[in-house]
Structure formats: structure tokens, C-alpha cells
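Make one complex out of these two single chains by using the hints.
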Amino acid sequence: MRHLLIRAALMFCCAAPLAAVGPVLADEAKSEPKPLKLTTTADHTKFKELQKQFNSGPEVTKACLACHTEAAGQIHRTKHWKWEYLNPETKQTLGKKTVVNNFCISIASNYASCTSCHVGYGWKDANFDFKSEENVDCLACHDTTGNYKKPPGFAGNPVVKDTEYPPGSGKIIKGTDLAKVAQKVGKTSRDTCGACHFNGGGGDGVKHGDMDSSLAAPTKELDVHMDAEGLDFTCGTCHSTSSHDVAGSRYAPTAQDKQGARIRGKADKGNPATCVACHGNGPHKKEARLNQHATKIACQTCHIPTYARGGIPTKMVWDWSTAGQRDAEGKQITKKDAKGHIIYESRKGDFTLAENVKPEYFWFNGRVDYTLVTDKIEKSEQRTPINRISGSATDGKSMIWPMKVFRGSQPYDPVNKTLVTPHTAGNDDTGYWKNLDWDKAITVGMNDSGHPYSGKMEFLKTEMSWPITHMVAPKEKALGCAECHSKQSRLAGIQGIYIPVRDNNKLLDTIGWAIVFLTMLGVFGHGAIRIVSSRKHQAKEN
Amino acid sequence: MAERIYVFKRFERFWHWSQAGLIMFLMLTAFDIHGTYAIFGFEKAVAYHTIAAWSLIGLWVFAIFWHFTTGEWKQYIPTTEKVVAMIHYYSVGIFRNEPHPFKLTQLRKHNPLQRLAYLGIMLFVGPLIWVTGVLYLFYADWAAWGLTKLQLEWVATGHIIGAFMMLAFLIAHVYLTTAGHTPMAHIKAMITGWEEVD
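The listed protein sequences correspond, in order, to chains R and P. Take 0 as the starting number for the first sequence in numbering that gives the first Met the number 0 and just add one per residue. Take 0 as the starting number for the second sequence in numbering that gives the first Met the number 0 and just add one per residue.
Just so you know, the hints here were simulated from the structure itself, not pulled from any lab data. As the structure is a prediction and not an experimental result, all values here were calculated from the model. Incorrect hints may appear among the rest.
[What the hints assert, rightly or not] Covered stretches of chain P, as calculated for chain R (at least 3 residues, CB under 8 Å): (1) 10-24; (2) 27-35; (3) 94-104; (4) 168-177.
[Claimed, not checked] Pairs of lysine-lysine, DSS-like flavour, derived with a Cα cap of 25 Å: (5) P/102 <-> R/486; (6) R/476 <-> P/43; (7) R/295 <-> P/43; (8) R/476 <-> R/285; (9) P/73 <-> R/257; (10) R/396 <-> P/148; (11) R/474 <-> P/148.
Even glycine gets a Cβ: it sits at the ideal position worked out from N, Cα and C.
Looking at chain P on its own, in the form it has when it is part of the complex (with noise of 0.2 Å):
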């Protein structure tokens, strides 16, 4: 018999599917803008993305309140215990049916690839995200903050890497959700909190 973890709290649960949500949606308007297609058209485009940002940082707020407050945040403090264990697995020992090298529980529920990939996301994408569209938002306002050397185009970039990469590591996210003990194991805990572990 399995045994049964609580890794997931409600407010995290919250946190993570209305994130997810609004980054596909985020995802969605931003090709649009960029002119990949045509849903909604640049101008809707413009003015969903628009809003789905500001939701996004408003959750975040809120999200970093939490981290510090019940000191979650040391789940993203990276190591190097089993990185090297964790590859290995990945790359061999998942077609083996070998064990998983890592074992959760409360204290470390996410596992030494999932933390460095995490901190990554939280340290560099997002924040190459954020400041480069906070800055697109406040265009007319760059002459009043003094940023007169910065052009629009450096932004458009940064923000343009930003959208790619977060697209490469939600592809990823989601097949590694399918990597747990069994393929629905870690999106179950997502959804319900508990995790079940061998």
C-alpha cells in the first residue's frame, strides 16, 4: 500500500491552476500580438494580455506573501543532492523501471531538477517577463522615469525570449507531470493536495 502525502495546500493548488491559466492565456494573446495568428486580432489581443498580466502580478503578490509568511520558499532553494541521480533517471533509468531516485515529503516536495528548473523560471525568465512588460505598458512614461537611452526594440526582444522560453518550459512541465509514480500521479496531487508514494 501506497503511502499518501499532503505536498499541495489549497492555497498553493489556487495559485498553481490559476497561474497556469492565465499563462496559456498570456501565451495565447502574446502570439496573437506577435502576429502568429489571428484570434482575437491585435487590438483584443493587446487588451486581454493587458489584462491578464496585471491578474497575473496581482496573484503574485499574493503568492509571495505566502511564500514568505508559511516559508515555503526554502522548497526553491537549489542542491545539488541527486541533480546528477535525477538526470541519470531521466535519461535511463525512467525506460528501466528503475525506482525513482528521489523521495518527497513535506519539507522537499519537489525534486532537486524540478527546484533548479523552478528557481530558473522565478529568478530569469520571469523576471526578463516582467520588467520587459512592465516597461512595454509604460512606454509613454520611460522620458518621466529617465530612461531615455532605452529603445523599444530591446524590450520588444527581451519580452519576445521571454514568451519563447516560457513556451519551451510549459511543454516540458507538462510531460514531466507524467513522470510521477504513475502518469496521472502528479497532476492528481495537483488538483487534491495528496501525493502518493511508494
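The shape of chain R in the complex, shown without the other chains (with noise of 0.2 Å):
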């Protein structure tokens, strides 16, 4: 009855807001808790600290250190600071700051770019203070604007007045008054996330497949989980932190979740970013056989039956050899396909693009060894993995993982017998993406990273595997049975394990066949001498 009421009161309010209310009606509706729509208990734009001109983000940082004391020494602890991990297993020391890839191949020497995607403030060169506090950039993970921007080129800074880069250039990037992107952070966000994760490799969709801008909003088709109008999970929904350390890892993932569900209270240090972690290991209610299947099969595997999906190429092939053409009037050159995806640049070769990629199938238990710049490589027609998966169907730790598997040939010392990193971003004579000079790039490249160069190069054929785990389709897109259990199996490469027709016996099949063939034979022969000698028999009554 009193709720009517204050319904009532709060109708007649909104219909005829200056009326007089009755006094006792206008208390009941005082005594109402004001709607909040904050998810925080915190309404930033409210505080003094934050309502002054930030000239730097480490003015900033300063501000939010003044309550979360702790955030930063938090944050010092994880990889997205350090771009440094030891993997336990292979005792190989990884992260961005050391490993070579295929892409853009190294940060070495290409600091004041590549660290536009570092939690961090000025790492522009090897002697960045990763004790620095203010140096920890909150605001790339906590805005909600959609104004802060990164810029490749400022060592991790944002711009905060208009300014001119590259100098001389005539383009010029927006400042961002950073006091309002202060006043409205909050949970981090696919977009904050996205804005690095989507766009690995240097561009969107480049670099994992699974991952790129159309998983900002995406539909339920495209990600089952993250659908923006449905479940609409942020990255963090899976990826929990604990201490700003956010779970999941490329450098050391989980193959085969064998912990089931994970429960509030239950003592567990597994990653709560796997399927398991909230499926447990028999999600299907329907179809037991598929769970038999999925003891040794990645939910992914069948859940996700091609990555791309979104409508953004990603890249599968990047030729670093062809790099270097220049036009006739000595310029770089850009090529398009018919889509304008870019399929040539000058300061970086050729590349394949592809859409809804069916992923290629690997037995996999989570080991991952890489090919690091130390590392000697004898050159052969195999590419050389830049990182080499493990796995079989009979270690016990294994699952079928898909994967994107990214080729390319990159520059290597045939002397030294080595990957090499080159400097290619920079606006400096020696960057190759600049000037398109290896010889200098690999010379000052591998001079910051403290490696040999013997002033030989070649190119290298070298892969690269990316275990695919985003863009979940809904359960009725995931793959049938005869997409493994054909002749054309997706699993064709897969060994050690027998998969019902795919691995039908051939002779078996030609034997079994034959004697059908003999019976039919037989059965048709007689019948015809019966047929004949009846008739002669029926002749000689008559």
C-alpha cells in the first residue's frame, strides 16, 4: 500500500511538477533513496583532485595515487608493465621487451612506437624507469570517454595540445584535455582493451584473428558472450584481475582445464579466463557424447568454426622480402586489393588478407618455446617456428586446439644464424620504415638490442601460432560432425588418434565391397540358370 503510494506521488510529480503536494505525500517521497546509475561508489567528476588542467599523464597518475596508493606497486607487478615474463615451464624469459615476432618483428629500438600500447609514460628508449610510479598510465585501461588516445611516435604519451607530427608533415593530432577523461574512469571496457588487443601487429585484426574492432559492439553471431546486446560481457568478465594482474596468457596458456567449474570460496589458482572456468567439463546437457568429445577436444575447436568473422581481414601471410619498391619518382608505394585493405606498403612488403578463416588443428598442452634473438637457426625449406606449440594425442595433457597459423619471411643474419631486429619505426635516418635501408635499420636495431650483427642479411621463412579462443559462436553455428568425421576432415592433420571415417581402412572398405559385389554375383547368376532352365524345362513338358 505505502509502495502504491509513493508511486502514485512520484506519477503526480512527474506529470505536474510545480503543483502543490500534499505535505505528507512530498515527505514520502523525500524519504526515497535517489536513483544512482554509478556501478562505483565513486562519482570522479566530484573530486577537487581531479578538477584542474592536466598538462601530462603523469600529472594525472599522481591525482589517482593520492587515493589508490597501492594501484600503481599493483601494476608494476604485471606484464602489461614489465612487457617481461618468465615462463615457468621453459624457463625462457618472454614478453614484449624480448621476444621476435613476425609482424612488426621487435620493439628494440622502436620504443617511442611501440610503447604507444604500454601501461606506462615515456618508455621512448632501453633506460625507461620501471620503478616510476607516475609513470603508470591509468587512464589507457580506466577510460570511458573514448577521447584518450595513445598516438604511435610519443613513447606512450597522450597528446594533450594540437601538434604537428610527423614534424614537418602538416598533419596535425588533436590534444585531449585529459581532466575530463580523469572525471569519467571507471571499468575497464572491450574498447579499452580493444585499443591495443584489437590492433596487434600495427592495424586492425592484424595480428590474432579472433580479436579486432568488431568485437567493440558485437552481435550475438560474432561473439556469443560479448554480443552487446545480450550478454554483453567486457573482456574483464572472463579475463578477472586480481591486483591489476588480469588472467589469461598467450606466453603460457591453459591447454586442458581438468578443474571444472569455479566456485566462490573453493581454494583455486587455475585461470578463470578458460571455458571450464564457468562451463564446467561437461557443458553439454543434451548430447553426452560430446562431452566424451571434449576430454580431448578445445571447446574452441568447435565453438568457434572460423575466426574473422567480424567483417575486418586479418592478415595470414606477411613477405617482409618484397619490401623496399619505390615508385619512379622514387617514392614509396601502397597497394590495395579491391576491398582497400592495404596488400603492399613499401616499408613493409606484401601481405595476405583473409575473412572467416577456417583455423588449421594442433594437438596442444599449453607449451609454447620461442625462437628468441639469441636462439641459432640453421635456414631450411621448413619455416622456423617463431614459436613452437607442443603437444601429441598421447601425453594426457594435450586438447585439439585451433589456431592461427601466420606466415611470413623476415630479415635474419645467415652469418650469425639469427633472427634480427630491425629499426623500423622511427622519424630518423635510420628507420627502415622511413628511409627502407636494411642494412642500417638491422645495424642500429640490433645494436639497441644488444646482439651481434655480422652486416650480412637474408630472409627467413618463419611461422607463427596463435591459439584461436575468441569470436565463441552460438551453440547452434558450432561446427557439425561431419566437418571431422568426413573424408575432407578438418582434423586431417591431426595424428594419433582414430577419427570414424575420416580413418576409414581402405582395404577393409574394397574387401567388404568385393564380397557384396561376389554375393550379387552369385545371386544374379543363379537366378538367371534358374529363369533359362525352367523355361527349357516347361518347353519339354509342353
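Structure representation (C-alpha cells):
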């Protein structure tokens, strides 16, 4: 009754806000708590500390740390900050600071460009101070306005005032009002994570194939969990954090999760970002046979039928060996395909792009060994794996995983037999992207990464495997049986297991059909002779 | 005037024809699953094959019960008597319009070759298909059953061998139904229960 009265009062208020309201009703309305939209308990626009002009990122961070005293220290422990990761299984020191890939190759000597995706400010060379608290970038992850940008070339700093970049180019990067961004901070979102992770490899969708800007607001078809009009998961829903450390790793992925669904209160050090962490180990309710499949097959294999499904192509091949061409006037060239996507750049070489790509499938147990710049490589016909994935049908730890295999050719030192770390980005005389001179670029880059360079270079064919785990389709779109149980099986390359139909024994089939054929032949022959002989007998009798 | 004998009782006829239908449907779905053709497609064919298989298992439970309670199982005891005569009849006599060497009665409704063939199907091909088929269905439970050394490939191969043998039997069996007193005599008997004999 009381509730109804209040409702009536509220409706009355809305309908006639200026009309006089009875004193009793007005008091009742006042006693209701005011409606809240915020998902946090703090409205940052009200904080005096944020109501000022900020001239740099670190100034904002100082204001954040005045209240969030431990935040920078937490960030300092993470991969997002250190760009360094010690793989406990392989003992390799990895992380962006160290690894070489077959996209833009390496960050050494290219810091000012690459660190636009670092959660920090000012990492412009190898001397960056990793102990600095004020250089932690809170806004990169906590911006909710979409206006916070860290353009390449500024060592992870946002541009506060309108700035011409590159200098003398006439192109102006507009300044960002950091106070407005700081007052609107909130939880991370697909947009904040995506600002870097959608653009890995130097552009939208380039690197991963299962992550691109189409996931900013995906349909259910594209991703059943992140569906903007449905479940609307953010990245953090699965990659839940503890003390700013984001779960989930491509250096040491969880290939097989036997722990079942995570329950509150259960002591557990497992990766919370696996499918099993929510769905458990027997998620198929109707068809028990599928749960059996799930003991050997990663969920992703059936539930991500293809990647790059959101209309944005991903790079499949990057051939650095064709870089360096110039037009008649000596200028750099760019070639595009019919859809307007770049397929050749003088500074980068040839690209092959693809959409709706069927993954390749491998046994994978979570162990990944990287080929580092210190590793000796014998050049051969076979592609050198940048990251070698381990797994087999018999090790008891492997599952069949979908992978994007990214293939390319990249600079290599044939004398020292190592990969090299060329200086690519940079508005200087030695950056390859500006001057197209490999010798200068590799000399400077190897000097920066601290490894020897013989002065000779060739191109080495390499490949890199990327487990596919995003763009999970609705269950109706999961792979049908015949995608694998057929002679054109998706799992054609998977060894060590018997897959019905794929592995039909040809000899058995030949013998079987021969017996059937001979039986038919005998039956028809016998029948024919019976018909002929009975006619003879009839003729005789007549 | 030919003599008429009531050889196939009502349950027996029901058993025979429902089994015939199920086996032919199992054949149809089997080679669909096997990838020989795609009428239902793998996924549906597996589902139908499984339902038909369980139905046939159910039917067999009744049939076995019936055979033992009625004593009809004795019809399948193998005999060497007149086997040579039967082989001679099928390979020579039948073309010369010679009389059938076997005179069927209610207690001996199968000729000696039939006895051997049906017994072979029931003792060898049938169990091969059923054992491998059930193992196939319960692949998930092998470890729990202690079958750690068993390979799916062996089970699948056994099942496929059984399928080919059953198909060959089916062809020969259907043909030999025409080798009675008249071409339709055996088939009529299987429908009505009454067989005409000379």
C-alpha cells in the first residue's frame, strides 16, 4: 500500500512538477533514496583533485595515486607494465621486451612507437625507469570517454595540445583534455582493452584474427558472450583481475582445464579465463557424447567455426622480403585490394589478408617455446617456428586446438644464424619505414637489443601459431559432426587418434564391397540360370 | 493338392518382419555414417542408427525369451544330415527341376543349410555387430569398465566387417526366399505363417 502511494506520488510529481503537493506525500517521496546509475561508489567528477588542468599523463597518475595508493605498485608486477614474462615451464624470459615475432618483429629501438600500447608514460628507449609510479598510465585501461588516445611516436604519452606529427608533415594530432577523461574513469571495457589488443601487429585485426574492432559491439552471431545486445561481456568478465593482474596468457596458455567450474570460496589458482572456468567439464546437457569429445577437443575447436568473422580481415602472410620497392619518382608505394585493404607497402612488403578463416588444428598441451634472437637457426626449406607449440595424442595433457598460423619471411643474419631486430619505426635516418635501408636499420636495431650483427642479411621463412579463443559462436553455429567425421576432415592433420569416417580403412572397404558384389553376382547368376532352365523344362513338358 | 503346414507363429512373423525392417534401416544409416552416401548426413544418421539399434536390442530380448520358452531354439541346432544333398540341390538339382531334398515339418522348419546359416549369423555376425556396436556407444565408459587397452580402431573395424557380412547375408537370404516350392512360397509363409509343401 505504502509502495503504491509513493508510486502515485512520483507519477504525480512527474506529471505536474510545479503543482502543489500535499505535505504528507512530499515527505514520503523525499525519504526514498535517490536513483543511482553509477556502478561504483565514487563519482570522480566530484573530486577536487581531478578538477584542474592536467598537462601530462603523469600529472593525472599522481592525482589517482593520492587515493589509490597501492595501484601503481600492483601494476608494476604485471606483464602489462614489465613487458617481461618468465615462463615457469620453459624457463625462457619472454614478454614484448624480449620476443621477436614475424609481424613488426621487435620493439628494440622502436620504443617510441610500440610503447603507445604500454600502460605507462615515457618508455622511449632501453633506459625506461620501471620503478616510477607516476609513469603508470591509469587512463589507458580506465578511460570511459573513448577520447583518450596514445598515438604511436610519443612513447606512450597522450597528446595534450594540438601537435604537428610527424614534424613538418602538416598533419595535426588534436590534443586531449585529460581532466575530462580523468573525471570519467571507470571499469575497463572492450574499447579500452581493444585499443591495443584489437590492433596488435600494427592495425585492426592484423595479428590475432579472433580479436578486432568488430568485437567493440559485436552481434550474438560474432560472439555469444560479448553480444552487445545480449550478455554484453567485457574482456574483464572472463579475464578477471586480481590486484590489477589480468588472467590469461598467450605465453603459457591453459590448454586443458580439468578443474571444472569455479565456485566461490573454492581455493583455486587456475586460470579464470578458460571456458571450463564457467561451463565446467561436462557442459553438453543433451548429448553426452559431446562431453566425451570435450576430453580431447578444446571447446574452441567446435565453437569457433571460423575467425575474422566480423568483417575485418586478418593478416595471414607478411612477406618482408618484397619490401623496399619505390615508384618512378623514388617514393614509397602502397597497393590495395578491391576492398581497399592494403596488400603491399614499400616499408613492410606484401600481405595476404583473409576473412572467415578456418583455423588449422593441432594437439596442444600449453607449452610454447619461443625462438629468441639469441637462438641459432639453421636455414632450411621448412619454416622456422617463431613459437613452437607442443602436444601429442598421448601425453595426457593435450587437446586439439584451433590456431591461426601466421606465415611470413623476415630478416635473418646468415652468418650469426639468428633472427634480427631491425629499427623500423622512427622519424630518423636509420628507421626502415622511412629510408628502406635494411643494413642501417638492422645495425641500429641489433645494437639497441644488444646482439651481434654480421652485416649480412637474408630472409628467413617463419611461422607463428596463435591459439584461437575469441569470437565464440552461438551453439547452433558450432561445427557439425561431418566437419571432422568426413574424408575432407578439418582434422586431416591430427595424428594419433582414430576418427571414424576420416580413418576408414580402404582395404577393408574394398574387400567388403567385393564380397557384396560377388554375392550379388552369384545371386543374379543363379537366378538367371534358374529362369533359363525352368523355361527349358516347361518347353519339354509342353 | 499340396499339403499346408503352419510353420511361422504370429510372434515369429512379427519378430522376423520388424527385425528385417530394422536391419535394413540400420544398413541404410550405417553406410550413411560410413560416408558411402549422404541421405541423412552423418549427424542424423548416427542418431537414427542408435535408436534403431536399441529398438533391435529390445526386440531381441523378446525373441530370445520366446525361443527359450517355446523350445523353438531347437530349430537352430546344426545338423549334417542332408547338407550335401542341399548343396547339390542348390548347385545342380534346382536347375534340373529335381525335387527339394528337404521335407519341412513344424519341428524342422529350416533346411540344414538354413540352420547353419542362421546359426552362423546368430553366433558370429550378430555378436560381432552387437559387441562392437555397444562398445562404440559406450566409448566414454571404457576407462571406467577397465578397457584401457582397447582401441577404437579395432572396434570400428569389427563393426564394419560385421556390417559387410550382414549385407552379404541379406542379399543371399532375400534371393533364397524365392527358392521354395514356388518363387513366392517362402515369402507367403513368412507373411501368413502357412507353407505349402509337396
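Which numbered hints turn out to be false for this structure?
-> As far as the earlier hints go, 1, 5, 9, 11 are violated by this structure, in ascending order.
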